[in-house]
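From just these sequences and the hints, can you work out the full model?
Number of protein chains: 2
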Amino acid sequence: MVSKLDNVLVAISDPTRRSIMSRLARGPARISDVAAPFSMSLTGVCKHVRILEKAALVRRTRHGRENVLHLTPEPLRDVARWITTYERFWNERLDRLEDFFIAKKERPK
Amino acid sequence: MVSKLDNVLVAISDPTRRSIMSRLARGPARISDVAAPFSMSLTGVCKHVRILEKAALVRRTRHGRENVLHLTPEPLRDVARWITTYERFWNERLDRLEDFFIAKKERPK
DNA sequence: GCGATACTGAACCGATAGGTTCAGTATCGT
DNA sequence: ACGATACTGAACCTATCGGTTCAGTATCGC
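As they're listed, the protein sequences go chains A and B.
Quick note: the first sequence uses our numbering, first residue 68, plus one each step.
Quick note: the second sequence uses our numbering, first residue 68, plus one each step.
Among the hints, a few may not be true.
Identical copies go unnamed one by one, so any copy, or any two together, can satisfy a pair.
Claimed, not checked - In the DMTMM-like style, the derived pairs of lysine to aspartate or glutamate whose C-alpha atoms are separated by at most 20 Å in a straight line are:
hint	residue 1	residue 2
1	Lys121	Asp81
2	Lys71	Asp81
3	Lys114	Asp145
Simulated from the structure, these hints should not be mistaken for lab results.
In structure tokens:
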């Protein structure tokens, strides 16, 4: 089973796809518009878009022959939530470090 | 140039590696210990560990023949920070949605 | 209707990712 | 000193990824 989180993490692990996302953050755009700044074939960009769609990070609405893409970044929240499970852990690490310094301060060499 | 963020995102995009991370969140462990639950060769796990090290998500300390791994999840903060640049965006989306419903309510069909 | 535009699908390609096995090195326990 | 343990490196294999080209379909503007 390939989870939802997996699709999202795979999607954002590629720099070209992150670049597409940042373009779409400035507003909806057609595939051709998105592709323009890249020195890459339209077909190549199309494939990346498909992967972003699979991760639900991008939605497409057809208007005639045009495919307008817009960013739907909500799935990133799943990633953020996954990360917070480690936040607790690194806070504990900081706490231990703090304890260490307090102990050191109270009982100096 | 391959950024730091890229290493981290690539590292966490694999389920096996996330699984290793969650194991190490329960405490430091040797590579063999980490490998034990997996139906995978030790060599395979070693490779994954290397990728996690490259992303600075795991640190290794040798004690004789043993390699003790412990989690250093701080680089995940870079990912969290990257995500927050889209948080603003999805809040605006929610605002627009809210505006839409308010407008709808005030001027019904 | 016709040519330009906006994609899409299929076939292909090289590189890399994820895995294996096997042979080697270093260290530990006895 | 010797066998078991804990890895590591190299070679290899397969599938997938990121990219291409080319040919096709649908739609638009005129």
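Could you work out which of the previously given hints the structure breaks and list their numbers from low to high?
Result: hint 3 breaks, nothing else.
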